[in-house]
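So the sequence lines, in the order shown, correspond to chains V and S.
Per this note's numbering, residue 24 is the first one in the first sequence, and the count goes up by one each step.
Per this note's numbering, residue 189 is the first one in the second sequence, and the count goes up by one each step.
Incorrect hints may have been included.
Each computed DSS-like pair below joins lysine-lysine, with the alpha-carbon atoms no more than 30 angstroms apart [to be verified]:
1. S/K206 to S/K242
2. V/K29 to V/K103
3. V/K29 to S/K242
4. V/K89 to V/K29
5. S/K242 to V/K103
6. S/K242 to V/K89
7. V/K89 to V/K103
8. S/K206 to V/K89
I should point out that these hints are in silico values taken from the structure, not numbers from a laboratory.
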Amino acid sequence: MSFREKSALVTLVFLVIVALAYAGQALSHPPAALVAATVGLVGAMALFTAIMIASHVVLVIAVGAKEARRPADERDRMVKLASRRNAGLVGVAGLWLILMLAVTAASHLTIAYAALGLFVLAEIVMYGSELVYYRRGL
Amino acid sequence: MPAKTPITNTIRTLRFHKDEMTQQELADRIGVTRQTIIAIEQGRYSPSLEAAFKIARVFGVGLEEVFQYEA
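The following block holds chain V by itself, in its conformation from the complex:
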């Protein structure tokens, strides 16, 4: 596994964990107001960022700085492009769900959670696609 593949795997795993934890917390203890929801979201993002920094420091130490600093080659760029395309498709498809929620007079919080969920889902699809393309091929 290359460093980029390991990075994608680590990011995907922790993204799913943090997203599920946040979703569980938000659903079991729904915030009374948008402000409280925002605070919770910022906290989750800060936690995810801290986990990413720590995990990637460990990853760089494990694989070596030379391998980690190696620039992306043509295959890395192709994998990234194809993965971002998949994430974009999910984003566009999910946008219709958001629009439907908006026109059915769903609450602001529901729309915000749906938008956040869509963003996270798109990221999961992107990193998942990277892993599949690296393993299975393009």
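With chain V's structure known, arrange chain S on it following the hints.
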């Protein structure tokens, strides 16, 4: 099941005959990663035209001696 391209290659054989060149050496010479060379050899990735020409040049052979297209 890995996705196979219709393009096959003889890179592994050519590397062996070129003083048993390693995948890392070939990767360094054409500017890609060892994992990319592995993916090319296993048919999981079709290199760009530029990379294909570079590979052929490393072995001092024509492009069609390195890559074959199976329709």
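Going through the hints against the structure:
1. S/K206 to S/K242: Holds, because 15 angstroms separates the two Cα atoms, which is no more than 30 angstroms.
2. V/K29 to V/K103: 14 angstroms, holds
3. V/K29 to S/K242: 28 angstroms, holds
4. V/K89 to V/K29: Roughly 15 angstroms between the alpha carbons, so the hint for V/K89 and V/K29 holds.
5. S/K242 to V/K103: This hinted pair holds, its Cα atoms lying about 23 angstroms apart.
6. S/K242 to V/K89: Distance of about 24 angstroms is within 30 angstroms: holds.
7. V/K89 to V/K103: Given that 30 angstroms is the threshold and the Cα spacing comes to 21 angstroms, the pair holds.
8. S/K206 to V/K89: Since the Cα atoms of S/K206 and V/K89 sit roughly 27 angstroms apart, the hinted pair holds (cutoff 30 angstroms).
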